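Protein chains in written order, with my numbering: chain S, 1481 to 2143; chain B, 34 to 337; chain V, 48 to 242; chain G, 7 to 150.
Rather than coming from a laboratory, the hints here were simulated on the basis of the structure.
Note that this is a predicted model, so its numbers are computed, not measured.
Where is the CB? At the ideal position from N, CA and C, for every residue including glycine.
Take the hints with a grain of salt, since some may be wrong.
[Said to hold, decoys possible] Simulated coverage check for chain V against chain B, where a stretch passes if three residues somewhere in it have a Cβ under 8 angstroms from a Cβ of chain B:
| # | region |
| --- | --- |
| 1 | 142–153 |
| 2 | 222–232 |
[Unchecked claim] Pulled a few chain S residues facing chain G out of the computed Cβ check, cut under 8 angstroms:
| # | residue |
| --- | --- |
| 3 | G1497 |
| 4 | W1583 |
| 5 | H1585 |
One letter stands for each residue in the lines below.
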Amino acid sequence: MSRIGVFICHCGENIAGTVDVVKAAQAAAQFPGVVQGAEYKYMCSDPGQSLIKEAIREKKLTGVVVAACSPRMHEPTFRRACAEAGLNPFLCEMANIREHCSWVHEKSEATTRKATELIRIMVEKVKRNKPLYPIKVPVTKTALVLGGGIAGIQAALDVANAGHQVILVEKDPSIGGHMLQLSETFPTLDCSQCILTPRMVEVAQHPNITLYSYSELESVEGFIGNFKVKIRKKARGVDEKLCTGCGICSQKCPKKKIPSEFDAGLGKRTAIYVPCPQAIPNKPVIDRANCTYYLKGKCKACEKFCPRQAIRFDQKDELVEAEVGAIVAATGFDILQTRDFPEYGYGQSQDIINGLQFERLASASGPTLGAIKRPSDGKEPETVVFIACAGSRDQAKGIPYCSKICCMYTAKHAMLYKHKVHHGKAYVFYMDIRAGGKMYEEFVRRAIEEDGVIYVRGRVSRIYEEDGKLVVKGADTLLGAQPVEIRADLVVLATAMVANPDAEALAQKLRVSYDPYHFLSEAHPKLRPVETNTGGIFLAGACQAPKDIPEAVAQASGAAAKVSALFSSSELSREPVIAVVNRTAPPIFSTCTACFLCEKVCPYQAIEREEIKDRKGNVLKVAAKVNQGLCQGCGTCVALCRVKAIDLQGFSNEQVYAEMMAV
Amino acid sequence: MKWGYFPGCSLLGSARELRESLLAVAGKAGIELQEIPDWNCCGATAAHNVSRLLAVALPGRILALAEKAGMKEVVVPCSACYNRLAVARHELAADEHLREQVKALVEMDYRGDVKLVNLLEMLAIVLGKDAGLKVEKPFAHQVACYYGCLLVRPPKVLKFDRPEDPQAMDELMRKIGAEPIAWPDKVECCGAGLSVSRTDLVAKLSSRILASAVKRGAEAMIVACPMCHANLDMRREDITRLTGEHYSLPVVYLTQAVGLALGLSEKDLGLHRHLVKVVFPAQPKPAPPPQPPAEKKPAEAAEE
Amino acid sequence: MEVKSHLSNRPLNQGLMLTLKQASGQSVARCYQCGKCSAGCPLSGEMDYPPSQILRMLQLDLPGLEEKALGSQTIWLCLSCETCLARCPQEVDLPRIMDFLREESLRRGQAHPSAKRIISFHRAFLDSVEFTGRLFEVGLIADYKARQPQSAFQDVLMAPRLFLRGKLSLIPHLIPGRSAVARIFRKVRETESKK
Amino acid sequence: MAEFQPKIVAFVCNWCTYAGADLAGTSRIKYASNVRIIRLPCTGRIDFMLLLKALDQGADGVIVSGCHPNDCHYTAGNFHARRRWIVFRSLLDFLGLDTRRVHFAWVSAAEGAKWAQLVNSVTEEVQRLGPYHDYQKLAGAGVE
């Protein structure tokens, strides 16, 4: 006869506010097999936990149901508590009466009734729970870091410096990411490249880091501690071992007018190119889409002049396989282009640019060597209008969220412009100034008070060209929404930060969830910000949500810490939620009829064929057998097994049917 | 080809040249336009100001009549009518309660399966390959394509062309050998709704539009909407009174421009009905290749 | 909708906001006052309050402000050109709200005096439609001028030229179904007086 | 509330829909309280006999919901579920069971609002269909 203890949490007012917890506790105490129904203000608190522990000892509980928040939140907490009191942790279940009840329904009879039923369901389940024991699996102490921007670099260096191997994969020819494109960084105005390039060099030289630039993740198999990944090294067209990065090839390349991605289209590059002088690795790639040889079948100028004969036109993509124990996704972000703005002229005017383009204009390494010149005619703009929230906080454009960094970089842009063009006028159209951060608000005030940047509160409705000027039609809501018209020479749109176009595909490869905007989802918004729902896969930087540099770096170090913790022992214990094939007494041994449907549907190839032999070694029966290391516990085999010979620990047929009957 | 046809009130009066030119072009293209029997006014600019229900019910009756007459698609030349009908159609589709209400009001069934065709869409078909019409007299002028509000807004309902800087009319103009100018006021409002009651404001808005077009070298302004035409063509005195500027820029209906290019006579196209004489500068700018330059200036035949 | 009963029924703001929400499904709370509508509105310069400010008056839900909105010139100057809606980042259907406010201010008799001309034009327009089934332009103008003696001589000079160009049809088109149209008008009036 | 309150049982996967329902909670999106969630690791785990049993047990409606196609935490579980669902649906139909009582849906971890809306629409629909006794009668008669 089972002796179940039910513990109901008030969660302050969160649950008690809408659910009559006392009533629920009394009801629960009456359920068959329940020997205790208790409620307490905060079950997860220390006294709350001890309440459970005492009950386990005194009442000799055979099972515990904690009715509180989502198991995704506190199941580990309460299972640990049970274990400490000597009860097998897998005899503890949670009834989710907060997220699934008190938070989503009004205070009412019905809500209390629902909570009580949710508890009954769990009681019926836990009665049938069996003690389970964690499974030990080995850990491959190599980390895969996806993305060589500042987040990826930080994560890679931290893991490597902790003494573990790191594979860093970057899709572009060079690491550095967007940060390498920036001119100066807020709020300190120190030169972005000056602080980033040393880190890039460190990556290149670190004994524990293997860098695959111009490469992409092809596929991922396996699970935490034991991933098998394939990496596609895109054909560079250059033998990296021979190439010294002398740069003669680019000098000789006849194709010189290709818009440079690094310069956000404002500068030009050749068909064989290194994105920028500080590139790591400093080895060129051939852009086959634009190379005369690939287009017309002749040229090969680079090959002719390469002093090291390093050019390889016939080079093919190469697939590299690797085993890693953990993966850090640091794939970064993208931004909206000016063509995405009908009311601002569909990007038809060259003198309406986005934030990244302004960074290149202001950067000493940029196409204008840091001089602010407008793209159309190279003139120095007398009046520049900066528009914040371009696409951000814009339901109509499908981007209701705040891109977070624009307020700061717009202030920075306006400031840089004023520093370079003293007599120029800088206007910023904004809706709110969000400058939460160390020295951020002070920075914005400086732009306004010391550098004389003029802030106008309102959105711009329209921009059009007239007499070589850009007419910016806005309104000043602080002047009673009076129309304001500014004739500008240059307009900079602080366009919204969005997820990479291939973010969804990546999420599906990694089997992590993502939000409606295709940013990758963390396991818990507050308490597990760098983990994903898939064990062993972590997040760093703007692939999770818009972030500025300090935040991206902090998260990267966080992810690295998680990886190091995972790598701290050679084995890790996994939840024993796995399938098992039943055993019966001879002469049947198992009800398995060896149809091996399970084998076909198992996504992890975890089903093996077991020959059951007698002493003489004659095969009596062949039955399915589950490889504990490989099984991830999805239970697809269980649903398909015709004879119900296979079952899922923790979600057994018995348990699930019992739950369902209790509804 | 046989299509349903909703002229709308202004085509019987102030915009009769739009009717004339439309029918002339349709005739040339061998399209038979069958008028919706017993059609009523759509309520245009007035109804929605005083009663939303009325603003849906009046177009509701028109659509119901078209359905009753078994029409699959209905050509609606007047942008204002087109807009009202499209919006009503949209709201009736979205709101079941409203639909029942309107059925009761118009005392007819309503399914909402009539397709609405605006002037641009129709002419795109007329000048399309299948129609097999050839441009006889290229309309070799720099033109300002003026779409106004009602063809493109609200975008989510009309889903026609791009809401800012639309292109449909520009393409038609290129087809007939004209050279559309790039200008920012294609979809700026001319003040239609207040045409009679606040002439001063209409003059103000219309003058801005004319000024912008003239400034950018337009020889003619092409419109698709009777309201826009009324404001831009008939309000010149008010404009001059207000701004001191005198604009001689002719305002031509899309159908008239196309008609001229197809070789129809100015009389059939009702060019003589405009207040602003339809004349073009002595030396018409050569049309962009491949079209050959115009050999005859349509204005020469203008009567009165 | 039956399930309403066990769905949230958070207290909505009372007053005009609520009626607006019921009538048009538009929530003024959606507007975050970026002013883009006022920036793009062709007539905001002429209005006593730019469009976004009219919305603001409804948002505050304070006594006096609603009346101010209903009594404003703005709602009558609005051309329904829909520029605001086309560009609104929050997709607030301002034209629809303006329609609602006009209706409301007429019902409450709070329309701004200077809007008389505009209103009488709309009235003249609709009367013409009610009686003939279609708009009879000449009749409309005559009727309008009768209602607005001060503007009697406006445009008179234009008439003969229009006539010469055959743009003025002097006899109204009486459609067979005009009684049906008239019935629509009557029934609409009935339904609305019930409100 | 005099009106009939249906009982809805929802079989959801742990990674997408359960998390989605959690999100509905954390975002305080209110919805019909008629639903009872049964958490499973994956929709692939759902033995469709469960659904029949649930109806037999007096559920008036059933929701099955998991990850969107290609988003399955276990790569393919949701596809297996969908395939079986297609077959199962016609079986239900054959059994003379009103298939409007059984809803199959995709709700991701990010779609809290969608979950709330799903529960509401199903509740509404089943409310319209009324209480579900027929199947129990059948069950009683030993037909199952």
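Holds or violated: W1583 of chain S as interface residue toward chain G, Cβ cutoff 8 angstroms?
It holds, given that the least Cβ distance between W1583 of chain S and chain G is near 4 angstroms, below 8 angstroms.
Do the numbers back the hint for H1585 of chain S, that is, is its least Cβ distance to chain G under 8 angstroms?
Where the cut-off is 8 angstroms and the nearest Cβ of chain G is about 4 angstroms from H1585 of chain S, the hint holds.
Just to be careful: measuring from the Cβ of G1497 of chain S to every Cβ in chain G, is the smallest value less than 8 angstroms?
violated, 12 angstroms
Apply the coverage criterion to the region 142–153 of chain V and chain B: a residue qualifies when its Cβ sits closer than 8 angstroms to a Cβ of the chain, and three qualifying residues are needed.
With 6 residues in contact (Cβ-Cβ under 8 angstroms with chain B), the coverage given for the region 142–153 of chain V holds.
Please verify the coverage claim for the region 222–232 of chain V: does it have three or more residues whose C-beta sits within 8 angstroms of some C-beta in chain B?
holds (count 9)
Figure legend: structure checked against the earlier numbered hints; the only hint not met is number 3.
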